[in-house]
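Chemist: Working from the sequences, and respecting the hints, build out all of it.
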Amino acid sequence: QKEVEQNSGPLSVPEGAIASLNCTYSDRGSQSFFWYRQYSGKSPELIMSIYSNGDKEDGRFTAQLNKASQYVSLLIRDSQPSDSATYLCAANTGGFKTIFGAGTRLFVKA
Amino acid sequence: DTEVTQTPKHLVMGMTNKKSLKCEQHMGHRAMYWYKQKAKKPPELMFVYSYEKLSINESVPSRFSPECPNSSLLNLHLHALQPEDSALYLCASSQGTVTNEKLFFGSGTQLSVL
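These protein sequence lines map, in sequence, to chains A and B.
Counting with the working numbering, you get residues 1 to 110 for the letters of the first sequence.
Counting with the working numbering, you get residues 1 to 114 for the letters of the second sequence.
If you are wondering where the hints come from, they were derived from the structure by calculation, not from laboratory data.
Virtual Cβ for every residue (Gly too), placed ideally from N, Cα, C.
Don't take each hint at face value.
Said to hold, decoys possible - Partial chain B-side listing against chain A, Cβ under 7 Å, derived:
1. T5
2. V12
3. G14
4. H26
5. G28
6. R30
7. A31
8. V48
9. A87
10. L90
11. V98
Modeler: Rendered as structure tokens:
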């Protein structure tokens, strides 16, 4: 069974701090990794994608991938209350099959 | 246009009803998906259409019947559902190049089966 594992949280950080979200995956053949943000009652929204080892930065977000450790992370700098949401880690396991982790709930306290 | 549009937003149906969920995208994407999401759980893949052909069926019960009339439209026909089928049904699309497929989700249909 191919899996994506995340700590469900909640992760609580003060406004302005760095939020660090982590994810591991079981299928070594996975090539593409994604972070989706899902507000309560809404649908997932893609915020980051990463395909090769290392860091990828986009504004306040940095995604990190370590394929040897099968580990993906998302850093959110200068966290804002509007960042409070569930963050879903996802891995494409081949073709059109993308599987999601259970998500980490993030609370940013003002 | 970067939206995936789903209708209806909410649906309540009895176990003997037949209903359909609809999804439309105008981004030129060639892959379209149905996911099911229960509360506080991750989205679970149900079906994938690639170039209007069914590419993936994740062993979904036959009471769910997908249809892809053309590259912009995706339907999910529902018949004789069970209360445990109550969930958020999400449509998504992607470019269809197979590699590095980024999913764009619609706002979902919240389905309640009585």
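Chemist: Each hint: holds or not?
Modeler: Quick rundown of the hints versus the structure:
For the restraint placing T5/B at the interface with chain A, the shortest Cβ-Cβ distance is roughly 12 Å, beyond the 7 Å limit, so the hint is violated. Annotation: V12/B was flagged as interfacial toward chain A, and the flag is violated, the nearest CB pair being 17 Å apart, outside 7 Å. Annotation: interface hint on G14/B violated; nearest CB of chain A at approximately 24 Å, more than 7 Å. Residue-level restraint check for H26/B is violated (minimum Cβ-Cβ distance to chain A is 17 Å; threshold 7 Å).
For G28/B, the suggested interface contact is broken, since its CB lies about 17 Å from the closest CB of chain A, more than 7 Å. The beta carbon of R30/B comes no nearer than 10 Å to any beta carbon in chain A, farther than 7 Å, and the hint placing it at the interface is violated. Checking A31/B against chain A: minimum C-beta separation of about 6 Å stays under 7 Å; hint holds. For V48/B, the shortest C-beta to C-beta distance to chain A is roughly 4 Å, which falls under 7 Å, so the interface hint holds.
A cut of 7 Å between beta carbons decides the hint on A87/B: the least distance to chain A is about 13 Å, and the hint is violated. The closest approach between the C-beta of L90/B and any C-beta of chain A is roughly 6 Å, which is under the 7 Å cut-off, so the hint is satisfied. Interface hint at V98/B: satisfied, since its Cβ lies 6 Å from the closest Cβ of chain A, which is below the 7 Å cut-off.
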